[in-house]
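Participant: Below, each chain spelled out in residue letters.
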Amino acid sequence: MIVAERKTIPEIVDILKGHKNILVLGCGTCVTVCLAGGEREVSIMASALRIASRAQNLGFKVSELTIERQCDNIFIEQAAEAIEKADAVLSLGCGAGVQAIAERFAKKPVYAGLNTKFLGILEERGTWTEKCAQCGECVLAEYGGICPVTRCAKHLLNGPCGGSREDRCEVNPDRACAWQLIYKRLKDIGQLDRLEKISAPKKWGTSLSGGPRVIVREDHRI
Amino acid sequence: MAGDGEIRKNEMKPDSKLASKIEGKDFIVTAEYVPPAGTSAAAVEAGAVYLRDGLTAVNAADNVNGIAMSSLAASLALMKAGVEPVYQLVTRDRNRIALESDLLGAASLGIKNVLCLTGYHQSLMGCPESANVFDIDSIQLIAAVKKMNEGSLIDGRKIDGGFSMLIGAVANPSLKPLDLNMIRLRKKIAAGASFIQTQAVFDVEAFKLWLEAARKEGLTERAAILAGVWPLTGADEAKLLAKNYTDIDIPAGVIARLEKAGDAEAQKKEGLAICAETVKKLKGLPGLRGIHIISPANEAAVPQVMAALK
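Chains Y and S are the protein sequences, given in the same order. Take the first sequence: its position 143, counting from 1, is numbered 154 in our numbering, and each next residue is one higher. Take the second sequence: its position 57, counting from 1, is numbered 1290 in our numbering, and each next residue is one higher.
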């Protein structure tokens, strides 16, 4: 899922200053699961904005709505009436959601209330970790299902750097060294010979380096 | 076995002093020079004064602990000062385009040795807010330079005019497990590294285990291993290195010995004494071809370390 984190309230208040009717718009998918932008967080955000408005005399009139997916026009339509009524939208969707809303409502200011962080998993209660850098050409088969592009701070494809110590990363001892995990995993599944091969330079053209990506499925187009 | 430091038919033979020393049998001494965070080529020349006698070549470090004069410019300044440079190149800051472009430039200026590294993460060298590149890793860089020695760029185009660079790489003997460490070393040599400079050795017994593993695999025959040694300037430096860099393994006993030595001057002397003892223990180890002296901003210590070889 996409994992995001809320911006600070003072930062959001600063962004919204000057607007009166504000719609706080939540999203029922990824950001709900990672507890950043679902119905509950929309409600908390709306309360925080009302308190800030009262304290600073900003005149905010805050309304709330959460739709199933901000990244899908079918669901965005369900919010059309509320968005039209508002002076500005504070989206608690991910970066894709914010842009989808902004594109659909060309004359409406739409602001991001979250910082979209990464594609990851719920590691344990209250902890999310990044697993995929969306490089566009998956190499997981080569590395025992552990991604060095994402989980090694240097994206190394041919083994650990010299700074890997006691299974920890040189950048941050709180972080596991991806290469120690890859080594152990390949050993466990009897595929250590994969590491002997010199991996060629990655073709980054499939990643964001090649520009924003588009997938067209002719079989699904109308 | 092709591809491992041997020169192929269509490959230009590197003609550096370091290359011919590796061909021979002599004990090799190299050192590392860290360029200043400034513009003065004269500063490089002043450092080079200590780096001439008895040394085969001197590395020009590539932005190792903060933004500094480029290793390419520093290599040129070393060359002008009569020192053969080993041009260090990290993949952290440059993509394959910039790396190969700089390598062509380096060759055109007469630089004949290159050390291929990934480099410390930018957060360890004082620029945590910088984006990193890591388009390719050190092993891929070694392979790319080897391909340049064979006449081609990474995009397949031919190099106009000759290109010949002796390729070196680094290893950290304290990287565990040993099996994984050896995989990495094997790959570096298979990719084309002719010499390997190691991270500083403070525990000779631990280093011997690593060297012996490399020797058993025949790796010490395929590439010249140069053991890193570091004349510590005092307990403060040792503690700082141990705290900030996970690739530098300084035993607590070494730090205690430095502390016990007394004031700053006495600690500096003790650091040199420890280094000299290490050099003496290293010299003559089967499979070891030389030493690599690492003494950032302390070039004056290099001749003092070398005195231990006599």
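The set of hints was computed from the structure by calculation and includes no laboratory data. In this text, all values refer to a predicted model and were calculated from it rather than measured experimentally. The beta-carbon is built from N, C-alpha and C at its ideal position, and this holds for glycine as well. Any given hint could be a false lead.
Derived lysine-lysine pairs resembling BS3-like cross-links, with alpha carbons at most 27 Å apart [as the list claims (entries may be wrong)]:
#1 208/Y <-> 1246/S
#2 195/Y <-> 1380/S
#3 1493/S <-> 208/Y
#4 208/Y <-> 1380/S
#5 142/Y <-> 1409/S
#6 208/Y <-> 1449/S
Label pairs and their computed distance ranges (CB to CB) [what the hints assert, rightly or not]:
#7 93/Y <-> 1270/S: 34 to 42 Å
#8 1276/S <-> 214/Y: 55 to 63 Å
#9 117/Y <-> 1270/S: 19 to 27 Å
#10 1299/S <-> 68/Y: 43 to 51 Å
#11 1245/S <-> 44/Y: 53 to 61 Å
#12 217/Y <-> 1410/S: 27 to 35 Å
#13 186/Y <-> 1449/S: 30 to 38 Å
Participant: With reference to the structure, classify each hint as holding or not holding.
Facilitator: Hints, verified against the model:
{"no.": "1", "hint": "208/Y <-> 1246/S", "verdict": "holds, 26 Å"}
{"no.": "2", "hint": "195/Y <-> 1380/S", "verdict": "violated, 32 Å"}
{"no.": "3", "hint": "1493/S <-> 208/Y", "verdict": "violated, 48 Å"}
{"no.": "4", "hint": "208/Y <-> 1380/S", "verdict": "holds, 17 Å"}
{"no.": "5", "hint": "142/Y <-> 1409/S", "verdict": "holds, 24 Å"}
{"no.": "6", "hint": "208/Y <-> 1449/S", "verdict": "holds, 21 Å"}
{"no.": "7", "hint": "93/Y <-> 1270/S: 34 to 42 Å", "verdict": "violated, 56 Å"}
{"no.": "8", "hint": "1276/S <-> 214/Y: 55 to 63 Å", "verdict": "violated, 42 Å"}
{"no.": "9", "hint": "117/Y <-> 1270/S: 19 to 27 Å", "verdict": "violated, 49 Å"}
{"no.": "10", "hint": "1299/S <-> 68/Y: 43 to 51 Å", "verdict": "holds, 48 Å"}
{"no.": "11", "hint": "1245/S <-> 44/Y: 53 to 61 Å", "verdict": "holds, 58 Å"}
{"no.": "12", "hint": "217/Y <-> 1410/S: 27 to 35 Å", "verdict": "holds, 33 Å"}
{"no.": "13", "hint": "186/Y <-> 1449/S: 30 to 38 Å", "verdict": "holds, 33 Å"}
Consistency with the previously given hints fails for numbers 2, 3, 7, 8, 9, ordered from lowest to highest.
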